[in-house]
Each structure stands twice: as structure tokens, then as C-alpha cells.
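First to last, the sequence lines map onto chains A and B. First residue of the first sequence? That's 1 in the numbering used here, and the numbers climb one at a time after it. First residue of the second sequence? That's 1244 in the numbering used here, and the numbers climb one at a time after it.
Calculated directly from the structure, the hints in this document are not laboratory data. Please note that the accuracy of each hint is not assured.
Claimed, not checked - Label-pair ranges, simulated between beta-carbon atoms:
hint: 1; chain 1: B; residue 1: H1338; chain 2: A; residue 2: D680; range: 49 to 57 Å
hint: 2; chain 1: A; residue 1: D680; chain 2: B; residue 2: D1382; range: 27 to 35 Å
hint: 3; chain 1: B; residue 1: N1294; chain 2: A; residue 2: A61; range: 46 to 54 Å
hint: 4; chain 1: A; residue 1: K775; chain 2: B; residue 2: H1338; range: 50 to 58 Å
As the list claims (entries may be wrong) - Once the Cα atoms are required to be at most 35 Å apart in a straight line, the calculated DSBU-like pairs of lysine-lysine come out as:
hint: 5; chain 1: A; residue 1: K1034; chain 2: A; residue 2: K1116
hint: 6; chain 1: B; residue 1: K1372; chain 2: A; residue 2: K1127
hint: 7; chain 1: A; residue 1: K292; chain 2: B; residue 2: K1287
hint: 8; chain 1: A; residue 1: K525; chain 2: B; residue 2: K1372
Said to hold, decoys possible - Covered stretches of chain B (chain A as the covering partner; in silico rule of three or more C-beta atoms under 8 Å from a C-beta of chain A):
hint: 9; stretch: 1278-1284
hint: 10; stretch: 1287-1293
hint: 11; stretch: 1332-1341
We treat Cβ as the ideally placed atom computed from N, Cα and C, and that holds for glycine.
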Amino acid sequence: MTKLFNLSRKFYTIVTIFFVTTIIALGLLSPIILNSYEENWEERLAEKIDEIEERVKSKFAQKEKFVVEKSNSVEKEIQTILSERESSHLFEYFKNYHAVENEILLIVNKDNELLAWSVNGVSFNFDLLENNSLTFIELDLFTFLAARKKIDEFHDLIFLLPMEKNYFLSNDFYEKISFTESLVNSFSTPFQINYFSNNGFSVDGRNHSFYLISSEGEKIGAVTFRKPSLNSELLNVSDFVIELQLVFTIMLLLVLSILYFSYFKKYNNDLLKLASVITYFVCLRFILFFLKIPAKFFDNDLINPSYFSSTFAFGIVKSPLEFFISVFLILLIALSLYNYAIKNLLKTNSHSSNWTKFFVTFVACLSLYLLTLRGLGATVRSVIYDSSIAFFKNPQLLPDNPTIFMHLSVLMVSVSIIIFCLVMLIAIFNSLPKNINRKNLLVFFLFFVALQFLGYAYDELQNLPQGTPFIRSIFITISVLLLISHVYFPKRKLSNYIYFLFFASFISINLLKHYNSEIEKDSLKIIANSLNRPNEGIVKFNVDAAISNEINNPDLIDKLKSGYSNLNSEAFKIFVNSGIARVANKSFVLVQNSVGQNVGEFKFPNNSSTTSIFAQKNFYTQRQTVTEANQILGYLVIGASLENNKIENSFESIFFTHPNSLSQLVLDLDKISTFIFENDELVSRHGEYILNDKNYYLIKNSIANSSDSFVTIDNNGKLFLTYVLKNENQDRLISVSLHEKDLAWNLYDFFKVFFIHSLLILLVILGFVTFQIGKYRKINFTFRFQLLTAFLIIAIIPLIFLANYFRELTDDKNNYALNYKLGKRAARIEKYVSDYYSGSNIDLKNIFRKANNDLGIDFTVFRNNELVFTSLGNIYNVGLLPNLINPEVLYQLEILKYKEHVVEEKIENFVFNSLYYKSKILGDDYIIKVNNAFNNILLPLSAIELDTFLFGSYSLAVILIVIISTLLASQISQPIRKLTNATKSLASGDLNVKVEENYQGEVRDLVHGFNNMVSELKKNQVAITDLEREMAWKEMARQVAHEIKNPLTPMKLAVQQLIAVYDDKSKKFDEVFKKVTGTVIGQIDTLTNIASEFSAFARMPNIKMERVSIYDVIKKVSDLFIDEKIKIRIENINQSITVIADKDQLNRVFINLIRNAIQASAKNIEINYKENEVHHLIFIKDDGTGIKPEIANKIFDKNFTTKNRGMGLGLNMAKNFMNSIGGAIELVETSEKGTILQLKFNK
Amino acid sequence: MKPLFKIFPCLLILFVTSVFGQINNLMDTKSINTLDNQAQEVLKLFEEGVNEGEVKKFSTYFNDETYVSLKSSVSGTFSSNQLYHIIQDYFNVYHPYSFRLTNIITNTKFPYATGEMNYSYHSIKGKAKVYISLDYLKDSWRIVQISIQ
């Protein structure tokens, strides 16, 4: 990222121009492209049609290839089995066969009798399939690509690959299979496939048709598709150009963002930087919104407003994706504010000078704080009320994408608000007047009390306060605790962010639960209003719409024309295509032939009677003729009940009617009880709660003076919250009740959401660690890290084993309980039927029917592997479940001779357990099948509930372990860290370092030993220094003496010579005088040189001058003092400020200055930077005891010290060094409140 | 004259009573008519809004929880905020170009209406039947059910 900023401006300018030009060029080229498209349209159209045709044929060929290859491999395997064993062992093969594409395998003999089949095997007229043929075949609800192969003389293999599922269910289990739809999605044009070769082509000129030809050259079907229209193609091209422009716009925005950041990065003013960042993110959000980025590139549930949508702020939260993006940018703004607050507002010296400023800040920031807190409540409320996601209704271990996005968004918005509120509190604290000690716990306590009181008062002033008093007070407590932690430790750390996430999760889950309880109460009203509202209008509308849509249904017309005798599946398809099931408690579809006989029927619910349908009161029925070319082919009858007094929540109801008006309520309909009275008579009830007379009168009295009310009813010690609604016109009274414990907060609900949050928190931690590794290219295995890892391993591994064990145990118990209960039901049916059948001459099927009615158990009976009775006619008669017994069951019961067997089966994607029970009824063998899809079997804890509870609770445990382990590891490793830093200081030359000895045990001994060592080193260092100095002086004196002697000797000789010549009064005196004086002067010069050289030698040792970053040096030095009781802040210095100096010497200078400040009892040091034209100025400011005025001018003197043990060389050496590099060190200011020193460096 | 003085107060009382009764009757009729008119107004706005494909014309009349069933799209009960975007998105895909309410029933406690909508879906024209029902909640008419089949 840093490198990105450092790329030249020229590069970015070029790139920006390129993108802008491209966007404009695309806009200008678009009409030209469209024109050219239009001109060559005929040619293009022909090419497109050919291309689509070829691709469709290719897709079909892939299907055919699969059928051929798979059937070949199965054929070989079956040949092997048949050659070695009896054909009954085919079931062993089929029970282990795993379908790849939902294919079905059947083995028939030469008489077309079915011998063996795979799961979901179907029985039909096998004569329809010729040998070694590939064709399409329609059976009930499916259209298959069918192949038949001869395995051997006696056996044929039939391979059925489903091509179309000819119905659509809008429940959550439905699994779509549609070759047609895959073509529509691929080519974005309507397709219709006639899967029978005798169907002709479309005569509509807007369509193109072609045959599907098998590999044997047979025409087996006809495909018709709408030819691409010029308008739609132009629209596609235009959309493509727009999308391309959007992509370039995104890249342009990215480049402009980098440029923008690189510009304001250079601002010195942090407030200006912050304002720039906020402006940037806000503008970015709106730009993305108006350009519909990235929603334009998504086409899934993330942009589906039915999951979540709000009209807030012009729709920037109109879907889960838009909400996520908005909240993400808000989080970035909050983090920027947080950085600013840490850097600027937690300064110790920036106190306000007066109470007025504090008061204004207090009022403004507190208002924002309370408004923001309210905003959090309002946001979470919207997440609950404007969303169809039920956070607490159905637990899911890993929910779908929109739900994950919503969870993440809720967490992010909570974190943002916690951070923002913390910043407000920091701002208030920052504005405290100078005379208030902001680290006084009493100040915090008073502040906390004031905040709680003002929060309470604020809520009282509102009509509709958001949240609850409990949540408000917890939030305030958390924010004050965070404030205290930040005032004492004003630094950004990973642990701070973990605390934010953890607290945000806690607060948001509590708010979610609170509003969920509110909406559950509102749901009671919705249910009551729904039951109260007459259904007539919408039922009639849906029946009329269904009839008018279906009487021209080509499939229905074909089937009636062909004289099909079983059109149950057609009736079912018509039923699910209409909306009647969602609005009516009972409904039906009848297909009648031309003489009025029922040939197809589907009714809901399954157990409702269709006899005398037209005579049923409160039914709206429509009957219309189905005609073709004025010939009556048959009749279609659709009817639905107008009664609206029942809630259905059985599996059958969920399967066929959802989503209806009540299915998306957050309330679990199994937990409510409803009663409907008309003229004081009970006409309908639902649920397990029994209403006694006393409670009835209580309900009635509650609406004596109003049309509705809430009342709490006590039923055998259980409290039920009840909503009562009165409809006076019909003298109708509706009550809807919910057990109050279902509204209360409980740990299980907490874990449902916390598990997802904990995964997100762990991802953040992982991301941070990965980032650190990426930045520093290594993992720092510090002692603390090793301790933390050890704690985590010791704590978490047993948790995982325990969770696994508990889960397996519960699974086993659940399976046992389920199988036991199913077995008991099957046994009851067997006994009932046997007892009844033995004493009567009633037809067995009727006895089975009676058993179903009397015992209330839904079951199916097989004999000779075929279905003979089912109470689930709706399911089996239309082909939703196969009428052939499961091959695994046959293998277990018939071949292995077990009494009963449980298998997992599924209808659509709903998985359930079926128990098959071998039964003998009056000498005949039957197999009774009972499952837990249509029979409500209560288990103590379902697998998903258990998973949610386990994972939720253990994820909470993991996070708590991480937090506590971090604290413990920090605590334990603290003395080691202090010793490490002290050792580094020592190595840097600081002999005054000392570690506090307030530990116990071996650590205390170690610290004591270290301090002693340092003390001895210092003494020895002083002694060695003195000795060395003495030796050096002696040596130097000896050298000087020696050097000086050399020129002195000739000087003496010369003078002696002069004296001799003078005494002799020689004529050569002048000459000798000149010579001698020359010699003396020369030797004096020699002496002078000697003195200069020695002086130069006596200067400081060789130093290495290089360009060093002041910031790096100061940072490194301040890290050495990290464990000392001193806070060092570096202000306004960045890495670009460099000077030419010896790095080690510079280190020593700063170490000395900081050490002096510590020794002067300073608690805070601020190192600041200024510059002028010529110099870099570094100010070191401390809050120590200061320097006495009388000695202030001596502090830089050599050997001057105020300490008992000092050498008095530190400041002197610093001064010498600074002078040597052309700089200076000065005392700027000193008082009893602190000292400021200035270091001046040349630029 | 004396009988006149006796009869006159009776006549006066009778007159006042009958006038008062008429006023009351008129007011009741007027209030019913007003409610009826309000319902008609809401339905009219719905018709206009669907015609133009603009939900905002009638979105202020959504109930807090409204049932909606849209063919080839969502079904269920949604909040007014959600419904706004759900229906608007639906109209953005199935562009209505004409719509008329043909059957309007407002003289009932739960007024409803049906009509036929013509739309264009990827340049292909289609028809759909539309149903809307109202309920009088929180002192105004609210749309409680919408079905497009």
C-alpha cells in the first residue's frame, strides 16, 4: 500500500486520463456499435440462431453422453452380479448406488416385469420403451431421458435421467431440475421443449424450432425458442457497454482514491485529514449508490429486498448488500475518528482552559452520544422489523449468504457506534479543565453516574425509547470502562478491537432479542387480524385466476385429448401453480373428463373429503370447460374454503402452502394457541393450551371497553401473553396466546447468534495475525506468544473433544429415541389392524383408513414390494414419493431377514427417517412404513439445536479463553519483557537502567541479580574508565614528553653554541646567531605541530556519519523504556525527517536525555518537532521536577552532576556530539512542572 | 289561542327532535360516505401507481405488515419498507404499461378490488390479474393484501 502512494503523480494522471477517455469513448462508440448491429441484424440474427441451436444440441449431447456412459458402466457391474449371484442380490447393489444426477435405474425381465430398482424407482408401462433406444418419457411429475439396454437374455436395464421437474413448490426444500430453465438462463430467451417427436414446430414467426436428434439419428423432441429480437439485443449490447463503463468507473474511483489519500496524507493538521476521510467515504457511498455498484453485478438473494429492505436515506440500505456496504463505510469512518481521538484527544497537556468550553463540549458530545445510542436501537429494530430473516426461530449452524451479511452488518454497526460513543466520551474528557485530574477514579465514577442518570432522563423524554433500560445501562457501563482503559493506556492495540467486537456482539444480540420479542408480540396481533379478516375476496380472486390461467394449459388439453385415466399429477401441478393454497385452509383441484368423471384430483389438506364438494358450505367453487376447437375435452374444477379460522402448521401445510401470510412470522406457530369464539361458542382452536371457563371470562372482560387488548393468563402456573380481538359484526372473539417464557431472554437464543459473531471475530483476529506476518515477514515467537499458545491449546483441545463426545452421545440418543417411537407407532398400527381385521369383514384398505383416523398416525403399507395403502395420498398419488419400496429396505428385511429397518429418505431436500416394519396380518406379509416427516415426533434436542448450542457455547468459551489467556500471558511475561528491554538499554550504553523488584520467587531473584549486575558494571565501568583515563593520560604524557624532548635537545645545543660564539666574541657571531635562531624557530614549529596533533588525537573517537531518520532513532530509544513508568509521546515527526549524524551517538544522546527526565521523576515525555529554514528542531519536554535556576547554566559542564553516583558526563557528551555535527543542544525552559530541551540539527 | 299555546311547545319539541334525528342520520351517512370515498381514493392511487410502475404513489398506505403474492416472485408478509422495494423491483422487471381496476367493492368493512395488468417482460408482453384489499387500521385505510397472478 505504501508503495502505491509512492508512485509518481505523473503515473496516476496518465492512468486517470486513460480511464476517463475510455469511459467517454465507450459512451460515444455505443451508438455507433448499436447502429452497426442494426445494419447487420439479419446476418447476425441468422448467426445467433445457429449458435443457439448448436449450443443447445451440444448441451443435450452431454446429457445423452452421461446416460450412455453411465448405463454402460452400470450394465457391466450388473452383469457381474447376475453371473455370480441371484437377481435378488441386485438390491444389495442398488442400496449402495449413489445417484449422480438423480438418475433412476430399473431392471426388468423379458416380460417387462420389474425385478429390481434403485432409490426413487418408479413403476410404469415398460412397453413404452423399446430396446436399445433413447427417448423421452413423461411419468407423473417428471420428464425423463430414458434408455433401455439388454443386459443378458433375461434382463434389461432401464436408465432414467430426469430432464424436467414439471412442478414448482415455493417452500425451502424444493430442488429444481429443469433443462428448459437452464437453457433460458444460458441464452436469456424463452424456451419451450416438446419432449415427444410427434409434436410439430411452432408456427409463430417470432420463434425458431429444431429437432433434438438422438445419437441413433431419431427425432426424439423439438425445441422452440424465441428468436432474439433486435430491441432486446440492442438492450443487451447497451447494458454491456454500461457495465463496461461501470467497471472503468470503479477503477477510476480506485485511482482517484489513491491520489486523494496521497494528497491528504501530507497534511499536518489531523483534523483536516479526518474531515477529508469522512468526506471521501460519504461521497464514495453516494457515488456507488447512484451508479448501482456493485448491485448491478449481483443477481442473487443479496440484492433481494424481501430478505431486508429499508427506505431510510433514499434507499442506500435497500437490500442486504447495500446495507452491508453502507455499514462498512460507516465503520471505516468510525475507525478514522478513533485513530484521531487516540492521537490527538488523549494528550495530557491539552486541557481546556475554562469550564465554559468544557460545558459546551459536554452538552454537544453527550447529545451525540445519546442520539447515536438511540440510532443503534433504531437500526437493530429495522433489522428485525424490515427483514424476513428469523434470527431466533430456526437455528442454523451456517446460515445462507443474506443472513450472514445481515449478521456481519449488525455487528459492524454496533462496533461503529461503540467506537463513536467512546470518541465522544474521550472528547468530553479531553475538555476537562486543567485543575481536574482526569485519572482520578472519583472523576470516572461521577462521570459514570451522570451518564446513567442523563441516559435515563433522555429515555423518559422520548415517546418510544429504543432498547431497554438494562441494555442502555450496560452500554453506558461498557463505554465508561473502555474510556478508563483508553485514558490509562492511550494506544491502539489488537486487544482493544477484540473488546469492541465482543461488546458489540453482546449489545447487538440483546437488542436483537428485545426487538424479536416485540415483534413476536406484534405477531400475535397479526395472527388475530389475519384470522379476523374475511378471506372471501382473495380466495375468489385466486380461484378465478387459477381457472382462467389453466383452462388453456396445453399439457392439460393434451392429456384430456389423449384420454389419460390418471391425471392426479396434472391436478397437483395446477394446484401448486395457483395461489389458492396460500390463502385458503382447504382447497382442491379436480380434473374431469368429457362426461364429468373425475380423472384427476388433488386436495389439501390430505384428509379432507371431496365427496359432495359442491355441497360443502363456505366453499367457493368454479367449474370451467376445457375445450379445443370448440370440442369439450373435459372440465376443470377448482374450489377453496372461505372459512378463515384455522392455523395450519403441519409438515403438509409447510410443504404445500408456504410461504403464506403467516409462514414468515418470527413466531414459531407451534408455540401459539388460538381460540375463536362465535356467539360465545368455541368454533376453532389450535395449540396445546386448554382454555378453562375462568380464563375465558378473563379474556372476555379484557375487551369490555375496547375492541382489542393484551392480557396475561395463568394456566396451571404457566403465564401466557394473550392478544384478544373482538369482531362485533359477527360477535366473534379471537384470542392468540404465547407462553411468556418464549418471550424471555435465554442463553440458547443468545448462542444462536453469538456463534456466527464469534466466527467473524475469530476471522478478524486471524486476519490481523496474517497481516502482521505479511508486514514483518515473520512470526514473533515471543515468550508471551508461546504462553498464550500453550494456554489456548490446554484449554481448547479438551473443549473440542468434549463437544464431539457430547454431540455423538446426543446423536445416538436421538436416533434411538426416534427409532423407538417410530417402532412403537408401527406396532400399534399392526395390533390395531390385526385386532380389527380378525373380527370383521371390512375391506383391509378401509381398516387401514380407520387406523389412520383413530390412531392419528400417518403410514404407508407395502405388499409384495408395492404400495397397497397410504394415508398420504397427496404425496404418493401424484408421485412426490415413489410407490416402490426402498431397495435398501428390501435388502435388510427380505434378504437379511430383519424385522425392521430405518433409512434416511428425502422429499425434495427435506430429509427424514422412515421406519419399515415387517408385519404379519392374518397370515399375510406386509411392510408398514412410518416416518417422522408426517408424524410429529418430539425429540429432547434435535441435531441442529444441539449443534447450535454446542458451537455457540464453545465459541463463547474460546473467546473468553483468548481474552483471559492474553491477560494472563501478559502478566506472566511482563518481568521477562522488562528484563529484555533493560538488557537492550544496557547494550546501548545506558548504565542507569534499573528494573523494579516487586515480584515474587525466582523472578524476583532474577531481577535483583540483574540490577546488581548493572550496578557492578557501572562501578567497574567507572573504575575502568578512570583507570583507562589515567593510563591514557600517562601514556599521552610519556608520548608528549618524548616528543617534546626531541626538539628541545637541538634547541639547547643551538643556544649553547650561540653562547659559546658570543663568549668567544667571534666574527661569525652574526652567522651563528642567524643559524641558531632558525633552528630554535624550526624546533618551536615542531613543538607546535606536536601539540596540535595531540590535541586532535584527544578529541572524540571516530564517528560514522550517515543520514538517519530522527523518528526511527527516537522510536527505537522510546521502546527501550516501554516497561518503565514513563509515557513517551512522539508528535509531528515522520520518517521523512532525516539528519546526518552518527546513529549510535544520537541514540546515546536521547537515552541520556530520557534517563535524566526519569531521574527527575517525570511521568510523561513529549518529543515534538518544528523546523525553520535552516534547522530541524527537536523539543524534549518532560513533567519532572525541573532544574534549579542556580545550576541551570552548568548542566552541560563536564563532570557536573546533581546525582550521588553520576559522572556528570551525559549532557556534556551530548553537547559535544551536537556541536561536532554542527548542531546544538539548549535548555529552553525549566520549572518545577517540567523541563524543555531543544536539539538543533542542520538541514 | 290557549290550545295553540299548549300545542306549540309539543310541536316545537317534535320539530327539533326530527331535525336532530335527520342531522344525525345525515352525519352517519356522511361519515360512511367519507370512509367509502377514502377507500376509493386509496384504490385510485393504487391504480395510478401500478399504471405508471411507481410504487411511491401508494406506498404510504401500506400496512405495517402486508401480505403480497407476486407470480414468479416472492410471497409472504412483509413490512412497508420491504414492500416498497419488493414491488418496485417487480415493476422494474415486469414493466406495467396498462392497468385498470375492473371490480371495486368498497361498501364493506374490508374493501377490495381486482383488475388486469398488462406488462412487458424482456420485450415480451403478458397479462396478470391483480387483487388488492384494504383494512381500516390506525384511523386510516391500509393496504393489507396484494396479489398479482
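Evaluation of the provided hints:
In this structure the hint that H1338 of chain B and D680 of chain A lie 49 to 57 Å apart at CB holds, the actual value being about 53 Å. Take D680 of chain A and D1382 of chain B: their Cβ atoms lie about 30 Å apart, and the range 27 to 35 Å holds. Under the hint 46 to 54 Å, the C-beta atoms of N1294 of chain B and A61 of chain A, about 47 Å apart, fit the expected range. Distance hint check: the CB atoms of K775 of chain A and H1338 of chain B are about 52 Å apart, consistent with the given range 50 to 58 Å.
Only pairs whose Cα atoms come within 35 Å are accepted, and K1034 of chain A paired with K1116 of chain A is rejected, the gap being roughly 39 Å. Proximity of K1372 of chain B to K1127 of chain A is assessed by CA-CA distance (about 75 Å); at most 35 Å being required, the pair is judged violated. Distance check on the hinted pair: K292 of chain A and K1287 of chain B sit about 32 Å apart at the alpha-carbon level, within 35 Å; holds. Between K525 of chain A and K1372 of chain B the CA atoms are separated by roughly 29 Å; this keeps the pair inside 35 Å, and the hint holds.
Under a criterion of three residues with beta carbons nearer than 8 Å to beta carbons of chain A, the stated coverage of the stretch 1278-1284 of chain B fails, only 0 such residues being counted. Note: the stretch 1287-1293 of chain B has 0 residues with beta-carbon separation from chain A under 8 Å; the three-residue rule is not met and the coverage is violated. For a cut-off of 8 Å, the count of residues in the stretch 1332-1341 of chain B with a CB near a CB of chain A stands at 1, and the three-residue condition is violated.
When the structure is compared with the earlier hints, violations turn up for hints 5, 6, 9, 10, 11 and for no others.
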